[in-house]
Amino acid sequence: MRIGDLDVAVPVVQGGMGVGVSLSGLAGAVAACGGIGVISTAQIGFRDADFGRHPIECNLKAVGEEIKKAKEISNGGIIGANIMVVTRRYEDYVKAAVKAGVDIIISGAGLPMELPAYTKDSSTKLAPIVSSKRAINVIMRYWQKRHGRKPDMVVIEGPSAGGHLGFNRDELDRLTPEAYDEEIKAILDVTANADIPTVVAGGIYTREDMEHYLSMGASGVQMATRFVTTYECDAHMNYKQAYIDSSKEDIVIVSSPVGMPGRAIHNKFLERVAAGERFMNGCRQCITTCDPKTSPYCITEALINAVEGRCDEGLLFCGSNAYRAKRLEHVSDIMEEFRL
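Numbering of the sequence shown is given in our numbering, commencing with residue 52 and proceeding in unit increments.
A couple of the hints might just be wrong.
[What the hints assert, rightly or not] Subject to a maximum C-alpha distance of 27 Å in a straight line, what follows is the list of computed DSS-like cross-link-like pairs (lysine-lysine):
1) Lys291 x Lys119
2) Lys344 x Lys319
3) Lys319 x Lys377
4) Lys184 x Lys201
5) Lys184 x Lys236
6) Lys120 x Lys291
7) Lys146 x Lys119
8) Lys150 x Lys184
[Stated by the list, open to error] Now the in silico label distances, taken between C-beta atoms and shown as ranges:
9) Asp246 x Arg329: 49 to 55 Å
10) Gly161 x Pro228: 22 to 28 Å
11) Val189 x Glu142: 15 to 21 Å
12) Asp56 x Asp143: 23 to 29 Å
13) Asp101 x Tyr282: 45 to 51 Å
14) Ala100 x Gln195: 43 to 49 Å
15) Ala168 x Asp363: 41 to 47 Å
16) Ala326 x Lys150: 41 to 47 Å
To be clear, the hints were calculated from the coordinates, so they are not data collected in a lab.
Think of the CB as a built atom: it goes at the ideal place given N, C-alpha and C, for glycine as much as any other residue.
Please put together the full structure from these sequences, using the hints given.
Rendered as structure tokens:
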């Protein structure tokens, strides 16, 4: 897969996973094996002692630190940053990633309409995440008219993905992977006509999954859940074990405090939320769509608890195939499976 002047030896983009699931350790390992390793900037500075008082400042500092470490681990590999459009001070996160020398910014959870303006005069590649033909058409028309450019890569994220999802609850109940293939084909027609490399995300777990989308015309795939249960993943072992121990029935759709549906592993925390308990202890300035006055819990706190191993007190985001994990793997073995 070629993205501008970037040659991707293995057509796999490791999906960004926050909070703290995909940092420099995982991203660097994937990039070292020929894929695109992606750091999630979502509350990336959570380990800083000053995070409670100055979360955004800690995050912006950590963006640079994690990209630098990932570059060192990758030994010249391709490092990306996943930055959500709904992030408070989105522009500052983008500029921090560019300053740190990130190779590509992948951006969804909203349409990244002004992303080219924030990366002007840099060599950083830009990849919007879309879930519909309408979304990619809107972005391409706007970028061409306002910024005089097109995306360097496009990520199509389907309803089988993990974490926050770009679909409403009715769509998630109705859309099967087979039905969504028709939308993927429609988006691929648009990007192929514009000569934009395009990867498909959501539900990819094996090489067979990748070959299915390559046969449809995709340039590669984005995969996240498969990488959680690797030795190199930045999450606590308890987090990884929760994936390994999960069954298909444990994977559920939840209503996130930020106003979007999400996919997660059912646990005691979700049971307590469903029972009406409220876990809102201050605001960590993460997502613009969250209202701390009405939210049942702080999603930042819930995700930090999970990634640090306090899984019964946290939110375990996952993709639809998390239950397929049976053991820990090395990133290098997964990447070899996907090498063409």
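Status of each hint after checking the structure:
{"no.": "1", "hint": "Lys291 x Lys119", "verdict": "holds, 25 Å"}
{"no.": "2", "hint": "Lys344 x Lys319", "verdict": "holds, 23 Å"}
{"no.": "3", "hint": "Lys319 x Lys377", "verdict": "holds, 22 Å"}
{"no.": "4", "hint": "Lys184 x Lys201", "verdict": "holds, 15 Å"}
{"no.": "5", "hint": "Lys184 x Lys236", "verdict": "holds, 9 Å"}
{"no.": "6", "hint": "Lys120 x Lys291", "verdict": "holds, 22 Å"}
{"no.": "7", "hint": "Lys146 x Lys119", "verdict": "holds, 15 Å"}
{"no.": "8", "hint": "Lys150 x Lys184", "verdict": "violated, 32 Å"}
{"no.": "9", "hint": "Asp246 x Arg329: 49 to 55 Å", "verdict": "holds, 50 Å"}
{"no.": "10", "hint": "Gly161 x Pro228: 22 to 28 Å", "verdict": "holds, 24 Å"}
{"no.": "11", "hint": "Val189 x Glu142: 15 to 21 Å", "verdict": "holds, 20 Å"}
{"no.": "12", "hint": "Asp56 x Asp143: 23 to 29 Å", "verdict": "holds, 27 Å"}
{"no.": "13", "hint": "Asp101 x Tyr282: 45 to 51 Å", "verdict": "violated, 30 Å"}
{"no.": "14", "hint": "Ala100 x Gln195: 43 to 49 Å", "verdict": "holds, 45 Å"}
{"no.": "15", "hint": "Ala168 x Asp363: 41 to 47 Å", "verdict": "holds, 43 Å"}
{"no.": "16", "hint": "Ala326 x Lys150: 41 to 47 Å", "verdict": "holds, 45 Å"}
Comparing the model with each earlier hint shows violations of hints 8 and 13; every other hint is respected.
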